[in-house]
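Fit chains X, R and W to the supplied structure of chain S, relying on the hints for placement.
4 protein chains.
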Amino acid sequence: MNRTEWPITGCEQPLDRDGFGEKCAVVGVFGHPEAANLAYLSLYAMQHRGQEGSGIVSAHEGILLSHRGLGLVADVFPEHIIRQLKGSAAIGHNRYSTSGQTLLKNTQPFVVEYGRGGLAVAHNGNLVNALELREQLEASGSIFQSNVDTEVIIHLMANAKGDRTIDRVCAALARVRGAYSLVFLTPRELLAARDPYGFRPLVLGRIKDAWIVASETCALDLIGATYEREIEPGEVLCISASGLESLHPFPRQPRAACVFEYVYFARPDSKVFGRNVYEVRKELGRQLAREQPADADIVIPVPDSGVPAALGYAEESGLPFEMGLIRNHYVGRTFTEPRDSIRHFGVKVKLNAQADVLRGKRVVIVDDSIVRGTTSKKIVQMVRQAGATAVHMRISSPPTIASCFYGVDTPTTEELVASRLPVEEICRFITADSLGYLSEAGLYAFLRGQRGGFCDACFTGRYPVPVTDLGRKNQLWLFEVAEV
Amino acid sequence: MNRTEWPITGCEQPLDRDGFGEKCAVVGVFGHPEAANLAYLSLYAMQHRGQEGSGIVSAHEGILLSHRGLGLVADVFPEHIIRQLKGSAAIGHNRYSTSGQTLLKNTQPFVVEYGRGGLAVAHNGNLVNALELREQLEASGSIFQSNVDTEVIIHLMANAKGDRTIDRVCAALARVRGAYSLVFLTPRELLAARDPYGFRPLVLGRIKDAWIVASETCALDLIGATYEREIEPGEVLCISASGLESLHPFPRQPRAACVFEYVYFARPDSKVFGRNVYEVRKELGRQLAREQPADADIVIPVPDSGVPAALGYAEESGLPFEMGLIRNHYVGRTFTEPRDSIRHFGVKVKLNAQADVLRGKRVVIVDDSIVRGTTSKKIVQMVRQAGATAVHMRISSPPTIASCFYGVDTPTTEELVASRLPVEEICRFITADSLGYLSEAGLYAFLRGQRGGFCDACFTGRYPVPVTDLGRKNQLWLFEVAEV
Amino acid sequence: MNRTEWPITGCEQPLDRDGFGEKCAVVGVFGHPEAANLAYLSLYAMQHRGQEGSGIVSAHEGILLSHRGLGLVADVFPEHIIRQLKGSAAIGHNRYSTSGQTLLKNTQPFVVEYGRGGLAVAHNGNLVNALELREQLEASGSIFQSNVDTEVIIHLMANAKGDRTIDRVCAALARVRGAYSLVFLTPRELLAARDPYGFRPLVLGRIKDAWIVASETCALDLIGATYEREIEPGEVLCISASGLESLHPFPRQPRAACVFEYVYFARPDSKVFGRNVYEVRKELGRQLAREQPADADIVIPVPDSGVPAALGYAEESGLPFEMGLIRNHYVGRTFTEPRDSIRHFGVKVKLNAQADVLRGKRVVIVDDSIVRGTTSKKIVQMVRQAGATAVHMRISSPPTIASCFYGVDTPTTEELVASRLPVEEICRFITADSLGYLSEAGLYAFLRGQRGGFCDACFTGRYPVPVTDLGRKNQLWLFEVAEV
Amino acid sequence: MNRTEWPITGCEQPLDRDGFGEKCAVVGVFGHPEAANLAYLSLYAMQHRGQEGSGIVSAHEGILLSHRGLGLVADVFPEHIIRQLKGSAAIGHNRYSTSGQTLLKNTQPFVVEYGRGGLAVAHNGNLVNALELREQLEASGSIFQSNVDTEVIIHLMANAKGDRTIDRVCAALARVRGAYSLVFLTPRELLAARDPYGFRPLVLGRIKDAWIVASETCALDLIGATYEREIEPGEVLCISASGLESLHPFPRQPRAACVFEYVYFARPDSKVFGRNVYEVRKELGRQLAREQPADADIVIPVPDSGVPAALGYAEESGLPFEMGLIRNHYVGRTFTEPRDSIRHFGVKVKLNAQADVLRGKRVVIVDDSIVRGTTSKKIVQMVRQAGATAVHMRISSPPTIASCFYGVDTPTTEELVASRLPVEEICRFITADSLGYLSEAGLYAFLRGQRGGFCDACFTGRYPVPVTDLGRKNQLWLFEVAEV
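Residue numbers (this note's numbering), protein chains in the order written: chain S, 1 to 484; chain X, 1 to 484; chain R, 1 to 484; chain W, 1 to 484.
Excised from the complex, chain S in its bound form (with noise of 0.2 angstroms):
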């Protein structure tokens, strides 16, 4: 084992699949007696933002009470526990699957006793000067149990003046920079705040009396609660007995919300940014149908992500919605891959391409994105043995060409096919007839009603927050041993 460089990140993780990583969920409770059970029920509806591990931290008489584990939330969370986490408020994170190691220890919300007390916390997105604080926290004195950046804002924090949590908050956000929707929980208040820019969603329901955090509106669905609105960039809430307290501590930004987010990210029944997930994804792919018609018979998604998109194209090109492709939904984390002679199978275990369905047909295949290309190509190959004529490959969002900073697991820039290659060459490396990006224009043709901007540095390289760290090496000078 040699030395490690570790990308350092609120959900940091190894780069090593074609696709753009889910990010964590956040999740906050206040007032309810069941606040780690509506915690719970939140991070399950939230699932698909991260699958490695859940945590839930609740205060109960002045002591925070905390469980964390490994694996889906349904399995980390048996009963006997949920009722062990007593209290009236709670947060609670899921945290992204990988492939790499995967500690116990990584699992958020993180704990600490800091003064006056305990503090929890739990942080969806990535900062990108976290290293040269640290740096700087170390020279002074302060231990690191971890090198996630979370943790450096909790060091903040506990060398901030003041008195009241929410000061302190302000005081550590101030000197940090990059995207962050948080979630804090002392024994008496619970606190939420976003980074200026607004990069990562992050909404404030109501169920009863009770207050609701979180990342996606399909958490409140789930446990009936009422959607109040956006916990606005740059705000700093602090609920407690006493009520409401809002503050905009920081200079006022250009917003910058992750694009992505429609195109991929969110489950489609969520209330994103404003606006319902579903529906700008279908649009993308009225839109896309408009910019990139296709001369064929059929339009097929690659399910799930592209169905949205593909019902738009579909309706707007008049051309029949077939389920040609069908994915295997109990495809989980262990599925071990076979031995040498019948290896290889990557997309194959997860998707089946129907011969009756797709035979002498000209196909028009939807998806939301191509990152390595590598994915595309396996399944161009399948629909064509399947038996399709023509296969014309539309995606609903114009060509990933950067990594992100702000809290995606991404390749680098290097293994992302659009940055290397021009669109026709991608469309022979992958094998299909013809390829079609949704243009920038079309992307933001639907979306620009909407207040402020967007993050599309994937897409187009300018990003709004220059990243401080990047010549910094993350050096990772510990590791447990797996324990499995």
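Simulated from the structure, these hints should not be mistaken for laboratory data.
Among the clues, some could well be false.
According to the in silico footprint, chain W covers these stretches of chain R (three or more CB under 8 angstroms from chain W) [stated by the list, open to error]:
1. 216–228
2. 231–245
3. 301–313
4. 318–324
If you only want the chain X side, here are some residues facing chain R, beta carbon under 7 angstroms, derived [to be verified]:
5. V112
6. G115
7. Q145
8. N159
9. G162
10. I166
11. C427
Remember, it's a predicted structure, so these values are computed and weren't measured experimentally.
We put the CB at the ideal spot given by N, CA and C, even for glycine.
Only chains X, R and W this time, still in chain S's reference frame:
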């Protein structure tokens, strides 16, 4: 704990869900150096037919090697286990998931030592005279280790005359009645058998020089095998180094293929009883639109099983198809029902109704069947709460009025809402504005083109094979205390 | 993996340790509201007879409830499991720990359904004609699930005539030969049986109105039961609501109680074959001192089993007794042998020689037996390295020259050092200054006072019951791939 | 759950057993290619000092590799884990077993990242001003993750000046008071430190070119290392590629070695504070016989700890030594206390009194100490019930009248029976015919030959170091919900 009475079946289970249960899956491989690996992949592709547990037995140098476990295929078979299952022949089984007692010892394949070596058996189906036969066998000194009907078949084989395994299989099956698709493994042979009525599916495929037998063709697709033909009703097939030997030892019977495989059980991308399931479901949806039109704005499926029929309905009716209900695909076996004050989530943990799609719309919901009616009621209410102004429920099969005795997990006849209430009262019970079922004639309008007939006892109460054991109690004398 | 040949025995195991293996323990309880709890405590007290796995079966309202698991009694039976094992009768079994394949399915009690209900059996011993009987049974249609000889007994019972369980037990046992101490449980009766030679111990005790049958009296001591008597050789005892029924259905045989129970197996605080084991061992030590004196300064035992004999030796010889070897009592099943450069710890992980006690001393080491000689050699070397100027090994039993076929795990005769070498060469092999064994006459000087004789085949090669299966191979047709 | 107050100690634990608790064990290895393996074996040899959990950290190519787990050493470290703990330096820790909450995060070594790399620490002992220091540290911005006092030391190091680790260790330890035997590991150095009073043992050994530091010499014996010397009280030792550097940075204090290590804690075959424990215990027994003779027939120990003293007592008194109480060595952490009607087994599951040895005898029982008196009472009753006509209890140490604050798990002073009752009333309470303790003078008659003095606060109430934290509450702000 009182003395328990239990239905005796190849995949017996308690009946406490609102739905018809999936059935088991079987697979057999002969003549491939990675037989267990192919069996593993096949079971993985057929995970939808059973999630309680899985097992694989391989034949290697005269010995049968077995591994069985509770849970999903990918969890039961980590790579180091598959590597130990050496040999060029193997059989496997997926057991249907139950919410009752889940026991390793009930996981198949059944493996025993009899007479001249090892024998393994895996069974999909249900015998209707197993208790009668068992009484006879016990009276003559046979010892039983389970109350699974598959064990009856093994005892009949052990007591049969004949040196060849195929002769003993024929002799044993001559005495049983009911539904069975079986695979057998000895150190030298793979055998497959299907009852004379052909209730349950079973197909033969080929991959290079190797043979594969499986419940559904989606297994063949995943491993790249070609579909050869169905194992015929009443056929007993023996595959060995000498080649294939096929016998039809039983009196010919009218075919009675389970029509519910088309309606709900099979994977849409499988070819079952000679036809692509997706195409059949879509056609049932089209026919449903013709028989039961609705004055509505959109058509939405109950995902995932209702999608093809809803696509057909939308196509035929000209109404737009929308994903108005979004399914959480992370719903697993272990979901913890929350405690009192916020309980009764039921279908809500699986499905979320999209207000932005449904608001102000007159909605057609397409589902495959109504069992107890409680789930349908919740779905109708969800859709209405999301803002639909009218809710028209359309079912792509006739009313289910009778229990199945041929290997499907169904409620008792009394629990089936359609056995007690006329359609208009069911409509009122589920609080829909209108309810329309597919007619029996409509069900067969498209299917009758096929050779042979179907078992539709669940729709008609007409049972092709009388149930001998009906008055008998399957008393459970042994009970393993749960291991968790 | 080649076809494996395996010794068929009630507690079969591979033979790869330098020592005679402990044997299994059985227990039965009838007439106590906490029968399973008493069985649990009894198994706990008899843990020294088997550490591989344990099982308990209770009878409750006509059903047999069972739980079995691998590992120590206290781990297999957490409280919530014991609580589920309801009923006023129960039997239990400890299985001897092996370093080979450890399978749940080989854990006893064996539970089957036969004829008119459930039957559970637990066995301590080994049949010598099990393979012969098995061939006959398989030829007439019996199916076997294991290669444990206990299963033969159940099949013989199933094929026997007679309505009463006791009659079937008698009929079955009339056909088997070898060593057995058995307990049976039906929903209404507890039965106990001991072979006509009385090889293995089995005692009857009483606690209030309840009866208890156990391998050793230390089980009675723990639960506060009084010792009533031995189950007699050749006795078949049935305990039911009607009281005790005792039969002696077999021809009387000369008693052949295993003398090695006194030498090594039994717990020192047990009464076995009517005598306190500690007292016997101490007397063997005294006799050894008379027969094999040594010119030495101190006497030290090989703990724990050698302590009583060493105390006797010290007492008789007048030499001081010292704990010159200290045992690490945390040695368990799972100790990881270290890697190459520092390996071959062997006995050192269990025993440490005390230099401060041994330095400059002429030492008598008292042990109970020498099997392969390798352990004794290491102990002699340890003691010498610790500074002893002379090492005299004294063994409190005669040389072990022959394998056991009556339920003890022994090396093959060829592996027994005393079968190959005369005493003086063994002395040289173990590098001792002198070596003295107890004589056969000395062994019995004290024991002969008892009624009946002993089996000492391991010391003499005189086998009381000829081994019918000797030429037969116990071929293993089925093999479960390890679950861990 | 109420807010919990908790004693802050290196191996803190709840106090609910009738006995003084063992303390933790530490080990360090430097310069051996299998450092982790040697650490593993050393922890294994010192298992008696802590059974709750274990951890090892190794240094490999600039990174610290760690593994910790709950349970016994042999279970926490299977071979594949040890193999991953590469490097030529390692430290390890055994944590004392408690019946309260057992948490992985409290398992040591503690591993953190501070300033210029990784640092691991393992601690045996207890600081008496940890809470005071902690308040100061928290006030200046330090964040704590546990309430283990070891964490205070790390924070002090992080805040200390000095480039060299040894300087920071000296600076940190200059501020703490109490008992500590510590090992530290950095990627380049192994450090060991012992408090100026030398409360807890710590020795230095050598194996070829490698150095080893361990709590007890039995660790050296197992791995074949030679004993070099004690780490001296007040010594801070740094072992690196440059060799050994030893500092004595603190003011010299009178030695206060824990005399209870001799009485009970240490393994009898260890050399502690320069003397063989077994020899000391035997001599205490001899002195006890001189001071507290008894008119009796036999002497029996309470095994295992009472054996050496009983041997000494028997030798001096001329009475025969017998194993009148037999210990069940399979008693583990997981024993399920049986339910109501047959409960209160207490000491009976561990010890059985031998009627055949005790009947009609006047018995001297030798034990090392009496804590609450409840266990002694049960033992006296057991021995009497087994037929003893008189029971004389003899204790090989003075009455324990005061709690320990230097790292030993003791009841509160009020719970100690000897703090409340005079000897004659204790005798009545435990129902003995006579009771005799060793005198304080007798305790030291043999030991005073050694250089330096002893801490005997538990016998005298004279505390060498005042307890600063005494009035402070160690409030627990964080609580992990049990994982099982």
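Outcome, coverage hint (the stretch 216–228 of chain R, chain W; C-beta under 8 angstroms; three residues): Coverage by chain W holds here, the residue count being 5 at a Cβ distance below 8 angstroms.
Residues of the stretch 231–245 of chain R with Cβ under 8 angstroms from chain W, three needed, outcome: Violated - the stretch 231–245 of chain R has 0 residues with a Cβ nearer than 8 angstroms to chain W, which falls short of three.
Given hint X/I166 near chain R, where the shortest CB pair must fall under 7 angstroms: violated, 18 angstroms
Per-stretch coverage check for the stretch 301–313 of chain R, three Cβ contacts closer than 8 angstroms to chain W: holds (count 4)
Restraint satisfaction for X/G115 [CB to CB of chain R, less than 7 angstroms]: holds, 5 angstroms
Minimum beta-carbon distance criterion (7 angstroms), X/V112 to chain R: Status holds, d = 5 angstroms.
Interface hint outcome for X/N159 [beta carbon to chain R under 7 angstroms]: holds, 4 angstroms
Hint check: 7 angstroms Cβ-Cβ cutoff, X/G162 to chain R: Given a least distance of 12 angstroms, the restraint on X/G162 is violated.
Given hint X/Q145 near chain R, where the shortest CB pair must fall under 7 angstroms: With Cβ-Cβ at 6 angstroms, under 7 angstroms, it holds.
Per-stretch coverage check for the stretch 318–324 of chain R, three Cβ contacts closer than 8 angstroms to chain W: holds (count 4)
Evaluation of the interface hint that places X/C427 against chain R, nearest CB under 7 angstroms: violated, 45 angstroms
Violated hints for the displayed structure, listed by number in ascending order: 2, 9, 10 and 11.
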